[in-house]
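As a plain string of letters, each chain reads:
There are 2 protein chains.
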Amino acid sequence: MIYVLRLGHRKGRDLRISTHCGLVARAFGADAIIYTGDYDKKMMESVKDVADRWGGNFKVFYEKQWKKFLSSFEGKIIHLTMYGLPVDAVINNIREIRGDKVIVIGGEKVPAELYKMADYNIAIGKQPHSEVAALAVFLDKLFKGDELNKDFENAKIKVIPQEKGKKVVEVNRYKSKQS
Amino acid sequence: MIYVLRLGHRKGRDLRISTHCGLVARAFGADAIIYTGDYDKKMMESVKDVADRWGGNFKVFYEKQWKKFLSSFEGKIIHLTMYGLPVDAVINNIREIRGDKVIVIGGEKVPAELYKMADYNIAIGKQPHSEVAALAVFLDKLFKGDELNKDFENAKIKVIPQEKGKKVVEVNRYKSKQS
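Respectively, the protein sequence lines represent chains A and B. For the first sequence, the working numbering gives the first residue as 4, with consecutive numbering after it. For the second sequence, the working numbering gives the first residue as 4, with consecutive numbering after it.
Be aware that one or more of the hints could be misleading.
Intra- or inter-copy, both count: the list cannot distinguish identical chains.
[As the list claims (entries may be wrong)] Derived DSSO-like pairs: lysine-lysine, alpha-carbon spacing no greater than 30 Å straight-line:
1) K159 to K112
2) K167 to K70
3) K153 to K112
4) K147 to K79
5) K112 to K62
6) K45 to K14
7) K161 to K51
8) K71 to K167
9) K45 to K153
10) K112 to K45
No wet-lab data here; the hints were simulated from the structure. Only a predicted model underlies this, so the values are computations on that prediction, with no experimental measurement involved.
Start from the sequences, fold in the hints, and give me the full structure.
Structure (structure tokens):
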């Protein structure tokens, strides 16, 4: 399982960024997101709602105590930070890890202890940018781009790619079983 | 030149997402971002401020009329949308384009005409996620990851990658000229 741990959500201010973290985690192949910081039912429901309509088994959790969670996590802790080691230098090692992984993303203020608790502190470039971007690019490199072609089972709607315009179809489960 | 056009910024609501779009554009190798929608001086200043401290020649512009801008743009228009063609199918063609490119990203509501104006409508996966993620992954694929190792000239500060913790140094221009 690949979990994403999103640190320090702030209600209101982080609404859209935290939502994007959840959607990116799902779309780029993680199995679940765990939010810490403010408990924000509405924001989490909006991520669950997308997961429900667009398919797959993505899960959304809330965890009050991130430190306790990470201390008892049985698997590797991967922290994405602009201060860490270049992703290209470590991605092959990460890919070979057996067992669960949790990918930790900030958060306005990342506690210093996290750098020590993490098995890997990994930088997606050394420039300031975005936890949303860091998560997407990390997962894309981890899965070598294959995650973008993944089919999400039990989707209620799906996109049919177009050169121009939009095509979204409702998935008729009975029909698709027949074909 | 590679421009990013960020459609329909809304003051307040989109503050953090639009800021992340600007930082991602810069960090992943674009030359400039152009914001449309609400004029938001403070948000644009915050992106410029990062560009100033962390180096390079990244530019930030505002454009009231996106349609007029795109109509007179002399180069290729690349629109990132979950409804478009898979990025893997077109990225090699995009890489070979000579001349300027503008990468267009939404915005809550993307006008239907944009799909027709665009030379390419490209999907970073067929799932709903984030314009910040789409932009980062697109640029990372365009530059084959090399953008992450780029040095930004005239930086006032830079990161020295660490296995644990943070190391940021102030760049002493006189000294660095000597060494």
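Going down the list of hints, with the structure as the test:
In this homomeric assembly, K159 and K112 come within 30 Å of each other (Cα to Cα) only across copies, at 22 Å, whereas the closest approach inside a single copy is 38 Å. Taking CA atoms no more than 30 Å apart as the test, K167 paired with K70 passes between copies only; the shortest distance there is 17 Å, against 47 Å inside one copy. Taking the shortest Cα distances, K153 and K112 sit within 30 Å of each other only across copies (26 Å), while inside one copy they are farther apart (34 Å). In this assembly of identical chains, the alpha carbons of K147 and K79 lie at most 30 Å apart whether taken from the same copy (20 Å) or from different copies (27 Å).
Taking CA atoms no more than 30 Å apart as the test, K112 paired with K62 passes in both settings, with 25 Å inside one copy and 27 Å between copies. Within a single copy, K45 and K14 get their C-alpha atoms as close as 10 Å, and across copies as close as 22 Å, so both meet the 30 Å cut-off. In this assembly of identical chains, K161 and K51 lie within 30 Å of each other by CA distance solely inside one copy; the values are 16 Å within and 39 Å between copies. Taking the shortest Cα distances, K71 and K167 sit within 30 Å of each other only across copies (20 Å), while inside one copy they are farther apart (49 Å).
In the homo-oligomer, the alpha carbons of K45 and K153 lie at most 30 Å apart inside one protomer (28 Å), although the nearest pairing across protomers, at 40 Å, exceeds that limit. Proximity of K112 and K45 under a CA criterion of 30 Å is satisfied in both settings, with 23 Å inside one chain copy and 21 Å between copies.
In this structure, every one of the numbered hints holds.
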